[in-house]
Amino acid sequence: MSNISCILYPPTLDYYYLVQRPQQLMRKFSELDVPVYYINNPSPQSGVIRGIERVNENFYLFNNVDPLPFLKNLNPVVYYTSAAQADMIR
0 MSNISCILYP PTLDYYYLVQ RPQQLMRKFS ELDVPVYYIN NPSPQSGVIR GIERVNENFY
60 LFNNVDPLPF LKNLNPVVYY TSAAQADMIR
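Residue numbering for the sequence shown is 0 to 89, as defined by numbering that gives the first Met the number 0.
By construction, these hints were calculated from the structure, which means they are not laboratory data.
All of these numbers come straight from a predicted model, not from anything done at the bench.
Keep in mind that a hint or two might mislead.
[Stated by the list, open to error] Simulated restraints, written as ranges between beta carbons of each label pair:
| id | residue 1 | residue 2 | range |
| --- | --- | --- | --- |
| 1 | Lys-71 | Arg-20 | 13 to 21 Å |
| 2 | Pro-43 | Asn-2 | 33 to 41 Å |
| 3 | Asn-72 | Ser-42 | 14 to 22 Å |
| 4 | Glu-52 | Val-77 | 17 to 25 Å |
| 5 | Asn-72 | Asp-32 | 16 to 24 Å |
Even glycine gets a Cβ: it sits at the ideal position worked out from N, Cα and C.
Please take these sequences and the hints and turn them into a complete structure.
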């Protein structure tokens with residue numbers, strides 16, 4: 000698709016709670032051969048196990064895992080979609 004090394008999506012809504020525009024967009028980017036790292040902070044009641052889940056060939060779901068070690072030598076595009084993510088920009 001382009002020269003994008005990967006897309007990093009900061010946490011908003013639990014990935015499993017509702018399938019909304021962010022999940023749909025990230026899935027489509029991954030289907031265009033762009034690696035996607037979706038940071039997910041599921042609620043303790045969800046039963047989601049901490050770890051990295053491979054959704055498809057290019058889509059990785061980071062469940063309560065810091066993606067920083069996996070971003071070495073990458074210059075990710077950080078895709079913000081929520082005003083709640085504004086505090087993450089520094």
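Results of checking the hints against the structure:
no. : hint                          : result
1   : Lys-71 <-> Arg-20: 13 to 21 Å : violated, 30 Å
2   : Pro-43 <-> Asn-2: 33 to 41 Å  : holds, 39 Å
3   : Asn-72 <-> Ser-42: 14 to 22 Å : violated, 33 Å
4   : Glu-52 <-> Val-77: 17 to 25 Å : holds, 20 Å
5   : Asn-72 <-> Asp-32: 16 to 24 Å : holds, 18 Å
In terms of the numbered hints stated before, the structure departs from hints 1 and 3, listed from lowest to highest.
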